[in-house]
Amino acid sequence: MEFKTATNRRLSNAASTGLYGTGVGGAGGGASRLSLYQVAPCVEVSIEEFEQFALDRLRVLKAIEENRARGRRLEEVEAVVNDLWRKHMRTPNAADAHNKDMISHFVLRLVYCRTEELRRWFLGMETTLFRQRFRSETPESQRRFMEECKFPYKAINTTEFEALKDKLGQVARSLNQPLPTGMVLHGLTSTIYIYVPFEEVPELVATRRVFLQRGNAFVPRDQLVAIVSNHFRARLSKALVLTNRKWTATIAEEEKDRLTPIVEALSTRYLGPDYSQLKSKTTIGLQDLDSLAQRSFPLCMRHLYTKVKEDHHLRHGGRQQLGLFLKGAGLKLEDALAFWRAEFSQKMGVEKFDKEYSYNVRHNYGREGKRTDYTPYSCMKIIMATPGVGDHHGCPFRHFSQENLHAVIGGLRLNAHTVDDIMGKVRNHHYQLACAATFEGVHGCQCDGINHPNQYFEQSQKVLNPQLKSGGDDLDLSLQGMPVVPNS
Amino acid sequence: MRQQQQQEGPVPMEEDVKMETTAEDSRHLQHGFSPDYLKLYYGRLFPFTEMYRWLSYGNDGKHPGCDPSFIARREFSFTLEHDIYLRYLSFHDASEMEATIRAKCPHKIDIGAVYNVEPAKRTAYSGAGSDRVFSPVERELVFDIDMTDYDDIRNCCSGADICLKCWPLMTIAIKVVNTALRDDFGFEHILWVYSGRRGVHCWVCDARARRLTNEQRTSITDYFRLYKGNENTAKKVSLVAASLHPSLLRAYTDVCRPFFEDTILLNQSLLTPEGNYERVLDLVPDDAVKTNMRDRWQENRRSSAAKEDVNASRWRQLKQTLESKQKGQALRRCVEEIVFSYTYPRLDMEVSKHMNHLLKAPFCVHPKTGRVCVPIDPQKCETFDPTTVPTLSQLLNELNENEAKHSSINNGSKTRDLEKTSLGRAVHFFQTSFLDPLLQASKAEVAAAYQEKLHESASRPTLNW
Chain S
1 MEFKTATNRR LSNAASTGLY GTGVGGAGGG ASRLSLYQVA PCVEVSIEEF
51 EQFALDRLRV LKAIEENRAR GRRLEEVEAV VNDLWRKHMR TPNAADAHNK
101 DMISHFVLRL VYCRTEELRR WFLGMETTLF RQRFRSETPE SQRRFMEECK
151 FPYKAINTTE FEALKDKLGQ VARSLNQPLP TGMVLHGLTS TIYIYVPFEE
201 VPELVATRRV FLQRGNAFVP RDQLVAIVSN HFRARLSKAL VLTNRKWTAT
251 IAEEEKDRLT PIVEALSTRY LGPDYSQLKS KTTIGLQDLD SLAQRSFPLC
301 MRHLYTKVKE DHHLRHGGRQ QLGLFLKGAG LKLEDALAFW RAEFSQKMGV
351 EKFDKEYSYN VRHNYGREGK RTDYTPYSCM KIIMATPGVG DHHGCPFRHF
401 SQENLHAVIG GLRLNAHTVD DIMGKVRNHH YQLACAATFE GVHGCQCDGI
451 NHPNQYFEQS QKVLNPQLKS GGDDLDLSLQ GMPVVPNS
Chain L
1 MRQQQQQEGP VPMEEDVKME TTAEDSRHLQ HGFSPDYLKL YYGRLFPFTE
51 MYRWLSYGND GKHPGCDPSF IARREFSFTL EHDIYLRYLS FHDASEMEAT
101 IRAKCPHKID IGAVYNVEPA KRTAYSGAGS DRVFSPVERE LVFDIDMTDY
151 DDIRNCCSGA DICLKCWPLM TIAIKVVNTA LRDDFGFEHI LWVYSGRRGV
201 HCWVCDARAR RLTNEQRTSI TDYFRLYKGN ENTAKKVSLV AASLHPSLLR
251 AYTDVCRPFF EDTILLNQSL LTPEGNYERV LDLVPDDAVK TNMRDRWQEN
301 RRSSAAKEDV NASRWRQLKQ TLESKQKGQA LRRCVEEIVF SYTYPRLDME
351 VSKHMNHLLK APFCVHPKTG RVCVPIDPQK CETFDPTTVP TLSQLLNELN
401 ENEAKHSSIN NGSKTRDLEK TSLGRAVHFF QTSFLDPLLQ ASKAEVAAAY
451 QEKLHESASR PTLNW
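Residue numbers (our numbering), protein chains in the order written: chain S, 1 to 488; chain L, 1 to 465.
Simulated from the structure, these hints should not be mistaken for laboratory data. Errors might be hidden in some of the hints.
To be verified - Straight line, CA to CA, 25 Å or less: simulated DMTMM-like cross-link-like pairs of lysine to aspartate or glutamate:
1. Lys307(S) / Asp282(L)
2. Lys108(L) / Glu356(S)
3. Lys381(S) / Glu350(L)
As the list claims (entries may be wrong) - From the structure, some residues in chain S lie toward chain L, with a derived Cβ separation under 7 Å:
4. Lys165
5. Lys167
6. Ser174
7. Pro202
8. Ala206
9. Arg208
10. Ala385
11. Val389
For every residue, glycine included, the Cβ atom is placed at its ideal position computed from N, Cα and C.
Turn these sequences into a full structure, and let the hints steer you where they fit.
Spelled out as structure tokens, the structure:
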């Protein structure tokens with residue numbers, strides 16, 4: 001890609017090659033609107049377009065993220081994606097739409113290649129986007145695209161099909177899906193099922209949506225999107241790592257007067273606080289935990305806190321979820337150790353705690369091992385958890401049964417109307433909205449949406465202690481209740 | 001062991017084990033474990049050769065295609081006495097492995113992944129901006145099935161205890177998972193090992209399995225996941241559709257239902273007394289059925305068929321009620337849900353998901369029970385009895401007795417020592433039914449990969465005239 005500013009300067013070769021991916025193939029001209037983004041297009045782009053295209057695409061990706069975070073299922077999210085794409089990625093001249101697609105993708109690659117977290121985010125959003133665009137193509141167009149990209153798969157022939165018919169039907173029925181038409185009409189079976197090594201379709205294997213035999217997965221054609229999007233994801237993942245290398249090695253320096261500031265601004269612009277920069281603005285003390293748990297903890301942490309006080313034990317998932325949350329809320333390491341020791345030692349004795357559990361607490365604070373300062377879990381991560389027997393972590397709005405959730409919410413003493421609202425949201429799988437509604441019921445004020453338990457905590461503290469400043473100087477919340485004169 | 005000997009240095013291997021009991025020793029004897037016995041175990045019985053041959057996967061230097069760095073890039077970890085933990089250990093060859101284990105006498109040995117460089121040299125490869133990252137390259141697909149994950153359905157024991165009434169749950173898990181790994185995923189080289197106390201481990205060693213990514217491992221573990229939930233959720237096994245996935249149907253028909261009806265129902269007394277049957281009824285979503293069963297069972301002290309076990313007859317009644325056509329599809333699935341809740345395997349998700357997860361090596365001795373982690377034959381897992389697995393002290397006793405009987409000079413050969421004890425059988429099984437086929441396949445792969453490399457470089461233009 002070559003870039004020029006208003007004054008017609010050209011980009012040097014070294015910089016432009018940094019945007020190329022590896023391998024062959026790519027968008028097939030006008031034939032398929034989809035692309036694996038293998039090779040950057042060779043067009044001239046103005047600096048203004050460079051930024052604007054990227055921003056438009058970013059709007060689409062951010063909206064995808066928000067819809068996913070609301071706990072909506074993938075199918076619902078994908079329905080929204082079409083509208084967003086049309087809205088933001090329109091061009092005055094229809095022929096330019098493809099260019100805008102390519103350019104915006106490659107610019108965002110530069111933006112989001114630079115850290116593991118950014119790469120993971122970009123990978124997830126782009127894959128969702130690609131899936132929906134693939135699904136909305138006609139079968140004919142899908143087939144053409146797969147041929148262009150030279151995907152390796154084998155169609156199953158009639159004899160094989162006859163042998164496996166029953167089992168394939170069983171799988172379809174186990175998903176409450178109609179039997180594939182190939183089973184009713186003879187002679188049209190060859191393109192109905194394909195088989196691939198099971199490694200190609202992990203999500204189908206994970207949910208038992210596919211028949212497996214001797215290492216092969218038999219995928220009905222309408223699930224092709226799973227295979228294709230996995231390839232897309234794998235290739236993009238590798239490309240991002242390569243782009244990062246090129247960026248750090250050469251481009252960032254060369255472009256520091258021109259493109260680098262734009263690229264760096266783009267990445268921070270839209271991401272909300274993720275509590276990974278843990279310069280905790282406030283600290284909380286050991287003695288306040290009880291009252292804070294009652295008043296300001298989100299339900300997931302309240303539950304864990306209650307359980308640890310009751311059972312004097314928590315399994316690993318719960319220790320991580322609650323422990324990191326407390327760290328993000330401002331509990332210092334010494335206090336954290338004191339807390340966990342006080343609780344656990346009641347059941348197992350101080351020596352056992354010190355021997356087996358204190359290491360983990362210190363590890364969470366980045367004082368052991370490879371010294372990673374772990375970030376508190378976001379709602380997304382907590383909702384996706386899989387608590388098992390004996391576990392209490394996870395999101396209560398998702399993981400609790402209706403009765404249990406009802407009982408726990410009852411303990412908050414909200415009015416019946418609020419409780420119904422919350423239960424309704426839970427039934428529709430809007431877990432984070434339910435949490436926000438809980439916040440509103442408890443605090444009596446508006447809440448925009450909860451993406452992170454520490455966000456809930458901070459907002460709650462802000463509401464309860466309006467005289468304290470929310471940023472800047474270190475504030476000691478253990479002095480709650482005492483009048484605090486904010487610095488001018 | 002004589003107390004003075006400990007201070008003087010390592011025990012010479014030719015010496016007999018004298019079971020002089022001091023106060024400390026008698027405690028150890030009961031558990032069957034002591035650091036001194038462990039030293040003798042590593043000295044004379046631990047099957048180093050077989051373990052080394054396994055983990056080399058054919059890279060034994062006899063073929064030009066062998067990779068001499070392969071075994072050196074495998075991570076091991078030791079847990080020493082007093083819970084000292086050493087990670088990122090690796091060995092260049094069999095003798096180094098043997099010598100290090102004998103010297104350090106670890107209470108537990110864990111096997112990790114094969115990395116791209118020797119674990120001991122990993123710090124040369126860290127640092128931001130470096131192209132080279134210390135990362136795993138290969139690792140067996142492993143599973144850990146632990147009895148404590150079944151605590152909510154065990155009425156006979158809890159926690160670390162196991163008995164022959166609840167052990168069938170492990171048998172079920174082995175049968176279901178083993179069949180699925182072979183028939184569904186096509187794996188062939190599968191090793192099942194007793195974990196020493198309350199569970200089993202599974203090592204899938206096919207090359208295809210060793211190269212699986214974390215995401216693929218997670219998907220396989222999810223494939224086996226049926227029991228979701230804990231005390232906060234209500235229903236844990238949820239089967240909503242018109243039919244079961246073929247894999248679940250096979251498990252149900254071949255393993256879960258027979259074991260449930262013939263063994264678990266009775267062993268765990270699932271339907272009597274009231275506390276027990278209430279928990280089963282909790283899984284029934286229909287209040288009318290629940291009330292109906294309660295009425296019948298509360299009044300039904302002694303039924304006419306007094307010979308039939310009360311659990312069996314109650315189960316028959318419940319099944320009939322649930323399966324009767326008027327009740328509708330949701331309830332018909334309920335029978336399977338109940339059976340699966342009480343039988344289907346429960347895997348520890350975290351163990352299988354990540355390539356770098358460490359897992360205890362076979363043939364270690366469990367410090368709390370003294371039992372050796374012996375392989376289990378999946379074809380005969382119904383007859384495996386965890387209470388008769390050899391313990392450390394038992395093995396050393398066997399060694400003593402055998403040598404007392406035969407006055408032949410002990411030339412220190414381990415194989416002969418092994419055969420003097422009941423551990424010999426376990427190692428023999430490991431060798432013949434797992435290791436030999438695996439090595440055959442591995443060596444063929446080494447040769448094939450080498451051929452391909454030759455072929456590739458031959459077709460490239462060279463500078464030769």
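**Item:** Hints that the structure is at odds with (numbers, increasing)
**Value:** Checked against the structure, the hints that fail are numbers 4, 10, while the rest are satisfied.
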